[in-house]
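Asks: Using the hints, position chain Y against chain F.
Read top to bottom, the protein sequences are chains F and Y.
Here the first sequence is numbered in our numbering, starting from 1 and rising by one per residue.
Here the second sequence is numbered in our numbering, starting from 1 and rising by one per residue.
Warning: the hint list may mix true and false statements.
As the list claims (entries may be wrong) - Computed list of lysine-lysine pairs in DSS-like fashion (alpha-carbon distance at most 25 Å, straight line):
id: 1; chain 1: F; residue 1: Lys90; chain 2: Y; residue 2: Lys119
id: 2; chain 1: Y; residue 1: Lys108; chain 2: F; residue 2: Lys94
id: 3; chain 1: F; residue 1: Lys161; chain 2: F; residue 2: Lys181
id: 4; chain 1: F; residue 1: Lys94; chain 2: Y; residue 2: Lys37
Said to hold, decoys possible - Derived contacts from chain Y toward chain F, CB cut-off under 7 Å, selection only:
id: 5; residue: Pro5
id: 6; residue: Leu7
id: 7; residue: Leu8
id: 8; residue: Phe13
id: 9; residue: Gln40
id: 10; residue: Asn50
id: 11; residue: Ala65
id: 12; residue: Asp106
id: 13; residue: Lys108
id: 14; residue: Phe144
id: 15; residue: Ile147
Calculated directly from the structure, the hints in this document are not laboratory data.
From the three backbone atoms N, C-alpha and C, an ideal C-beta is built for every residue, glycine too.
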Amino acid sequence: MTFINYASREINCKIVYYGPGLCGKTTNLQHIFDATAPQARGKLISLATETDRTLFFDFMPLELGTVRGFKTRFHLYTVPGQVFYDASRKLILKGVDGVVFVADSQEERMDANIESLYNLEENLQSQGYDLMKLPYVLQLNKRDLPNVIPVAELKEELYRKGEPVVEAIASNGTGVFDTLKAVAKQVLTELRKG
Amino acid sequence: MPDTPILLREERFNQIKTVLARLRLDSNARVVFLVDKDGQQIAAQGDVGNLDTTSLASLVAGNVAATDGMAKLIGEREFPTLSHEGERESIHISVIGRLLLVIVFDDKSSLGLVKLRSKQIARQLSTIFEEIVRDECDDIDSPFAGITEEDIDSLFN
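Bound conformation, chain Y alone:
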């Protein structure tokens, strides 16, 4: 079955941002962000600057999806972490259920530290996400319930 939509309330968003901010400090990373497996960026913390996080989120999800496909072909369920080390900048990705935790870091940090810190924080993020999913079961007044044909048409004018 397809996954249910993610409805992210303000308090949960702030909770996630706080966890990501701490992770960024603890791991000496440049940017830390959370993406869902379909490529939607959930939250980011750090020196985002000119970094195109929307494109990066979609490529990270594509990357994880492709390596998941490779894992299955060789009889593995998934590869829980991915790392790409560049000359100056590197990326570490951890798969936490439906979430992908992405850490962009340079020579101020190290792969070992980033791996350790992301492992330590995974449980916490996973708990928050479970709460987000539980939130969805409650009745949330959708801002789109009252959307009209005119509202939709106005987007294309």
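With the rest of the complex left out, here is chain F:
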């Protein structure tokens, strides 16, 4: 849910990175954190297990700059990908302005991608949102691995509504900012509509 503060001339939007376990959601945020000037971002908060699996969410505020005199701040969240953390995933979608679905391109993760995307649609619905009307980007991650499914095949299964599709290797930053830009642009365009 966008929050516009006319007094401090700030606008805050919430973007959620969704996807199956180990698809690279946290890696996306980590790269944005590492590649951004400290004055433009806050702390990267990770609520993770001892083995670094996301337990509740990761969070990072990112200031992109000024539009029409308003500071534009994006709050980036990831959800825990593992199937049994569904209750937490639902909570994090509350108030979302844009979603990035991070798909794992490896052949053996195809079923997990499909299940997670279905879960996203269902959880959005339970919060009163419709994926078809929400700013949304499909990121095809891990394109550097040997056993990846061709992009056309992935799109056949995961493409929903003409959303931007970004090929990525989040571990080295490829496609990470393109993804963020694609979703942020849609969120700001929505604001223009009012």
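Replies: Chain Y only, in chain F's frame:
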């Protein structure tokens, strides 16, 4: 249905800040701030110093959301207050509709005083927030109505 966006006008912002400032004094707190249930910070008052209120706001909202989930599992609608007491610093959170009132305090205050003061102020904050929501029904000239592709692109350069 998802909640409507919050459009906070200057006069309302100042009203909230005044109420929070009084609450801080009355409760002897270090910091008082108001967050919405989605984790967006609305206003803060007090000795913020190095306190990362943006992160704290998102964690408070996550905390309340998680305990709300627990409440529902045991058949409660919600837990209206949460307290975390540390060795030196403590946090008290009250749920006021869509708002979360967060008070950070140390041994200059006490949980009892903080609870009492936040309860006394809840009605007032809730009334201001109702007015904020009503404001949204009026036509506000959005600064983003005239936003161009170039404006958006310039953010990423």
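Asks: Verify the interface restraint on isoleucine 147 of chain Y: the C-beta must sit less than 7 Å from at least one C-beta of chain F.
Replies: holds (5 Å)
Asks: Against chain F, with CB atoms and a cut of 7 Å, does the hint on asparagine 50 of chain Y hold up?
Replies: violated (11 Å)
Asks: Regarding the hint that leucine 8 of chain Y lies at the interface with chain F, is the smallest CB-CB distance below 7 Å?
Replies: The hint holds - leucine 8 of chain Y has a Cβ within 7 Å of chain F, the shortest such distance being about 5 Å.
Asks: Verify the proposed pairing of lysine 108 of chain Y with lysine 94 of chain F, using a straight-line Cα cut of 25 Å.
Replies: Outside the cut-off at roughly 36 Å; violated.
Asks: Need the status of pair lysine 161 of chain F, lysine 181 of chain F: alpha-carbon distance at most 25 Å?
Replies: holds (18 Å)
Asks: Just to be careful: measuring from the Cβ of aspartate 106 of chain Y to every Cβ in chain F, is the smallest value less than 7 Å?
Replies: violated (22 Å)
Asks: Mind checking the CB of glutamine 40 of chain Y against every CB in chain F and telling me if the closest is under 7 Å?
Replies: holds (4 Å)
Asks: Is the straight-line distance between the alpha-carbon of lysine 90 of chain F and that of lysine 119 of chain Y 25 Å or less?
Replies: violated (30 Å)
Asks: Minimum Cβ distance from lysine 108 of chain Y to chain F below 7 Å?
Replies: violated (27 Å)
Asks: Can proline 5 of chain Y be said to touch chain F, with a Cβ gap under 7 Å?
Replies: holds (4 Å)
Asks: Hey, does the phenylalanine 13 of chain Y contact hint survive, CB to chain F under 7 Å?
Replies: It holds, given that the least Cβ distance between phenylalanine 13 of chain Y and chain F is near 4 Å, below 7 Å.
Asks: With a cut-off of 7 Å, does the beta carbon of leucine 7 of chain Y approach a beta carbon of chain F closely enough for the hint to hold?
Replies: holds (5 Å)
Violated hints, listed in ascending order, are 1, 2, 10, 12, 13; each of the other numbered hints is respected by the structure.
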